[in-house]
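Keeping their order, the protein sequence lines are chains A and B.
Numbering follows the working numbering, in which position 687 of the first sequence is assigned residue number 687; successive positions increment by one, without gaps.
Numbering follows the working numbering, in which position 80 of the second sequence is assigned residue number 80; successive positions increment by one, without gaps.
Possibly wrong hints are sitting among the right ones.
What the hints assert, rightly or not - In silico BS3-like cross-links for lysine-lysine, where the CA-CA straight-line distance does not exceed 30 Å:
| # | chain 1 | residue 1 | chain 2 | residue 2 |
| --- | --- | --- | --- | --- |
| 1 | A | Lys-318 | A | Lys-376 |
| 2 | A | Lys-115 | B | Lys-75 |
| 3 | B | Lys-187 | B | Lys-75 |
| 4 | A | Lys-121 | B | Lys-75 |
| 5 | B | Lys-118 | A | Lys-925 |
| 6 | A | Lys-477 | A | Lys-190 |
| 7 | A | Lys-248 | A | Lys-448 |
| 8 | A | Lys-996 | B | Lys-203 |
| 9 | B | Lys-75 | A | Lys-573 |
| 10 | B | Lys-173 | A | Lys-791 |
| 11 | A | Lys-791 | B | Lys-136 |
| 12 | B | Lys-118 | A | Lys-115 |
| 13 | A | Lys-791 | B | Lys-203 |
| 14 | A | Lys-791 | B | Lys-118 |
| 15 | A | Lys-240 | A | Lys-194 |
| 16 | A | Lys-791 | B | Lys-75 |
| 17 | B | Lys-92 | A | Lys-115 |
| 18 | A | Lys-121 | B | Lys-92 |
As the list claims (entries may be wrong) - Partial list, computed: chain B residues near chain A (C-beta under 8 Å):
| # | residue |
| --- | --- |
| 19 | Ala-77 |
| 20 | Ser-78 |
| 21 | Thr-84 |
| 22 | Trp-116 |
| 23 | Asn-117 |
| 24 | Lys-118 |
| 25 | Thr-193 |
Keep in mind the hints are simulated off the structure, nothing from the lab.
The C-beta atom is built at its ideal place from N, Cα and C for all residues, glycine as well.
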Amino acid sequence: MSRRIEGAETSMSLPTLRPEPLDDLPAGPAHFPLDLAEIRERLRTRQGPAFWRGIEELADDARFREFLATEYPRHASDWDESLDRGFSRRRFLELGMASMALAGMTACTRQPVEKIVPYVKQPEEILPGVPLFFATAMTVGGFAQPLLAESHEGRPTKVEGNPEHPASLGGATAVAQASVLGLYDPDRLKVPTKLGILDTWPHLVTELQAAAKAQKQIEGAGLRILTETVTSPTLGAQMKAVLTAFPKAKWHQWESAGRDAVRAGARIAFGQPAETRYELGAADVVVALDSDFLALGPDSVRNAKAFSARRRLVGGSKEMSRFFAVEVSPTPTGTLADHRLPLRASAFPAFAEALAAELGLAGFARPSGLDEKALKFAGTAARDLKAAAGRSVVVAGDFAPAEVHAAAHAMNEALGNVGKTVFVTDPAEAAPVDQLASLADLVADVKKGEVQVLLVVGGNPVYDAPSDLAFGETLLKAGLRVHLTAYPDETSRYCQWVVPMAHFLEAWSDVRSLDGTAAIVQPLVEPLYDGKSAHELLSVLLDETPRKGYDVVKEHWKSARPGEADFEAFWRKSLHDGVVPGTASAAKVLPVRTAEVAQALAAAATAAAARPSDLEGVFRPDPSLLDGRFANNGWLQELPKPLSKLTWDNAAIVSPNTAQKLGLQNEDVVKVTSNGKSVELPVLIQPGQAADVVTLHLGFGRVHAGRVGNGVGGDVGPLRTTGAPWVAAVTLAKTGARSPLAHTQQHFRMEGREIVRVMSLPEYVKDPAKAKGHGLPPKDVSLFQPGWEYKENAWGLSVDLGSCFGCNACVVACQSENNIPIVGKEQVGRNREMHWIRVDQYYEGTDLENPEVHHQPLMCQHCEMAPCEVVCPVAATVHGAEGLNEMAYNRCVGTRYCSNNCPYHVRRFNFFEYNGEREKEPVLKMLANPDVTVRSRGVMEKCTFCIQRINRARIVAEREGRAIRDGEIRTACQQTCPADAIVFGNINDPAAKVTKLRDEPRTYWLLEELNTRPRTTYMAKVTNPNPDVEAG
Amino acid sequence: MAQLFPKSANYLAPASIAALVLVAGGAVGSLLALDYAGFNQRRGETVEQPVPFSHEHHVAGLGIDCRYCHTAVEKSASAGVPPTSTCYNCHKIVWNEAPMLEPVRSSYRTGQPIEWNKVHDLPDFTYFNHSIHVAKGMGCATCHGPVHQMRLMRSAQPLQMRWCLECHRNPEKFIRPKEEIYNMTWKAKDQETLGRELVEKYKVRPPAEITSCGTCHR
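Sequences and hints are given; from them, build the entire structure.
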């Protein structure tokens, strides 16, 4: 059986990628039992700095202090035999001596002869060594994330946002940044398989066409196609053609973290499908009802750009919008709120009612059963909304109940926001349906034995369909089952034919963003394996000779645009810009059926009140893995999730008071039970979480994700049912076991110094320089040479803490740009994560249940008086002539003195050959950025301010005999940031953006008492709470 | 019992220690000498190639400009090794049946690239850029030697950091007018004076700047 795919999975081992059990790990912070009552008391009576990093810090446990005493806590620097069983300290010393003796000899190896492999016919536009950028788009949840992909001699290595496209405006999300790793994932399905045996595409075509022929006889009565959400105009047209050719066939759609509530809400409010988008740049007051509109969802990047611009206090502006957030579980978006209210999921209809009633909407009654605090909050929000009528927005989150969405439509209409800050359009989706009903319909048909041919085009319904549908077992009753998928996943096991799906960087397609603007998905490489696109699979049903994806897409646009005088020019321009002109949906005016909305909302509120539960389980897509589709992406697995800072795991997230009530500690394994199904998860106590709510993240506990994603975390899918896809009554029971979590919240802590600075708008207006401290460092010294003067360029970076909401896009962008490895859960547990930029998070306030949260991206500060440089015994880290703190990797001998002496804890050490995977899996070699050294074991590394980008720009400028222009160099973190929080440039240039920001009164630098004089400065966060409200 | 060691052992013992030091030192010294001489970098060795391409013939004999084949040298980090099609431009007409050129023809026919052996190989942590050196008046021959006299290509210089720094510290000793970059035989009458003039004229950054680590290492 050597041809079976399964066998291949076990034959290769990926030690650093696979999460190891952490049984033998020494105690970390999360292991300390916490006395929450005492903590609360301590918080109330606390003196000194108002900020705290986590609950453990408040507990001030002696063991916790010890944990922090070392630079790499948890005995990170000890030799640990568990890492390499059978390898003793004695053996280590032996080898150490031997390698010392041989050390001098390593320089004596002759260089091996390498090959140069030029083109046979070099494409005209390619210059070896100069990357090209192509516009394309990634599809997430059916919607476009428009991108520019960087190609090195035909090899995509990095993506950036497409500035031409309104859904990106140059920004990109963390999942988009991680998509390149997905392309080169060695676990991808490489060839079609039939019943687990390798097979061929032509064979599938023959079989499928025979089945289609039989279906033609019965008008396709036995044909079903299951897709994810589809906005692709070409795919939509193809589906339409299939349904015309097979009139009795059915098209089903299912997306596990889908937007059913949004669609249903629009149907209640308008009586027809509609889409809503926001112009947050024009909004003075924003009220979010359980919405993470900056970090999740199809329009998050555009929202973040506009929202942050409206709130950025620069150039003397003293105006910013006010933001109210009501949420179940703290989200990145909510951390920017000026007023935030944690609320149980079931109380949202009642809260929406209260808000509508306060706004004076006819037919909405003040609900009973909402507590005093929530009512007061609704009152404040309503007052501010009314005051800003026509300049405000009420946003309902994708997973909030449909009735709340309808209420938001009604409120926006009543406030006169429609057409100003809120735009209602036709949906961008090809066929908006209630996906839950659509899936249930498919299951019913399968059960009836009506389904003879089923195409599952993308998606993984066996893993993520509601558990009461028993999708997997039911599926076996269907006839011919074909699964088009990137990985041989859970669903593939239930299908006879499994066809590799081409990555978006390999195949032609198109996709629309929320506002309707279409982008052509342009491939950068031929499929690495035998991958096919959805268009090519459907073409098997539609065409006698299946057409290539390129022809399908291009011909669709040719027929869709008969009016184009010069189609070729139109096509080339669309490809070049990454935007198909004239595709944005026009804004419509649809009257809201307020009476129906009020009725539906009241019914929902009553129904929720009638089903009281002690504990609500709330299902949410994981911030990094979403519905689990990125489970095999190591970059996303190791990305510390916003707020919880958890890596390589999911947890049962509860609030401190719920933990106290149930007697739970961090890392206690609990059995979460709902509807007779249960799953075991470790507990994570999260300040800011609503009381009596357990947040459960989807996307984990995969069994057939691949070598990276298998067995990571627990699958909460079984608890989800068709009746309760987002909220379910659950019970928690302690199992007595403990499961260590690898989270980075307490890593690289800052000893309670005044790192993050926050003030309110009135404070800012009174004294804009309140947070300034002693002002910018003088420029009179340099470690480069005594008396060195920076005449031309002096690089600096400015970070606006008021804009950052901790979405992590910068972290992955940096990882992709700078060839940063992942280290695995076990190594993260030892504080050995390698991210050059991290997003620190600080809590503020005395309310453990609802603290304010602040984010601070932290990378190498490039100090003028760098403490790291003076302690390096081999001058491996030295000053550059433009003030950069440079690393010469080949000089580094790994003493780690520099890291010990860095007050910002931004240096990272390669304890192991973390990059070794690149050697073991040849396909991963294609991933690396050729302009950045791949570091090996024993070498220190850190943020370089993207020196490769500086050098590239400098060389071009020097060749052209000019100075480097402002904005010509953008660091990877800056370029991707959806909130434009990071700005890089020449601080010697008075006209440069970064210089202007440094001169802002909000600017300060970190740890000025140490006189390190960093080149990185921060701008204090300003909040804008309603001055009439004391707190809350 | 007889003496196991004769009296002379008293002298032999320290002598052997001294000898050991000498031998070990000599060994290390000769290894260093090999490295300094460029042995490890294969300096001066001609390297076998799939097609015995002669720079001597093409450059000196036919007078073809460097940039006819190395097209990217003014625009990219890499000078660029010509695609098969560049060879074929001429060799579809001249010497189009020479057995020596069969790899070229077969590459063009089959689309399989010719795999050349690298002669100038910098370490992977060093980032050299041709375009900026050419723009600042560095001639090809300065680093690549008398290419017009080489039948098979060889590395004329050691390509070690020590060697690179010679020029980065004293660019005036090596710089030449931009018009003479591709001239294999150019020699300044008074390099010292001309060099200083050109460093100024081409705005070559001061040695302090171009010897900082980040210039080449990243």
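task: Measure nothing beyond the straight line between the CA atoms of Lys-92(B) and Lys-115(A); if it is 30 Å or shorter, mark the hint as holding.
output: Distance ~25 Å between Lys-92(B) and Lys-115(A) Cα, so the pair holds.
task: Report holds or violated for the interface hint on Asn-117(B), using the least CB-CB distance to chain A and a cut-off of 8 Å.
output: 5 Å, holds
message: Lys-173(B) and Lys-791(A) were given as a pair; does the straight-line alpha-carbon distance stay at or below 30 Å?
response: Since the Cα atoms of Lys-173(B) and Lys-791(A) sit roughly 25 Å apart, the hinted pair holds (cutoff 30 Å).
message: Tell me if the straight-line CA distance from Lys-118(B) to Lys-925(A) falls inside 30 Å.
response: 20 Å, holds
message: Given a cut of 8 Å on the nearest C-beta pair, is the interface hint for Lys-118(B) held or broken against chain A?
response: Interface hint status for Lys-118(B): holds (4 Å vs cutoff 8 Å).
- request: Using 8 Å as the Cβ threshold, decide whether Thr-84(B) counts as touching chain A.
  value: 4 Å, holds
task: Please work out if Lys-187(B) and Lys-75(B) have their alpha carbons no farther apart than 30 Å.
output: Status holds; Cα separation ~26 Å.
message: Tell me if the straight-line CA distance from Lys-240(A) to Lys-194(A) falls inside 30 Å.
response: Roughly 28 Å separates the two Cα atoms, so the pair holds.
- prompt: Can the restraint linking Lys-75(B) and Lys-573(A) be considered satisfied, given a maximum Cα separation of 30 Å?
  reply: The given pair, whose Cα atoms are some 26 Å apart, holds under the 30 Å limit.
message: Please verify whether Lys-248(A) and Lys-448(A) have alpha carbons no more than 30 Å apart.
response: Measuring from Cα to Cα gives roughly 15 Å; hence the hint holds.
message: Need the status of pair Lys-996(A), Lys-203(B): alpha-carbon distance at most 30 Å?
response: OK: Lys-996(A) and Lys-203(B) at ~29 Å, within 30 Å.
task: Have a go at the Ser-78(B) hint: is there a Cβ in chain A nearer than 8 Å to its own Cβ?
output: 4 Å, holds
Checked against the numbered hints given earlier, this structure breaks hints 14 and 25; the rest are met.
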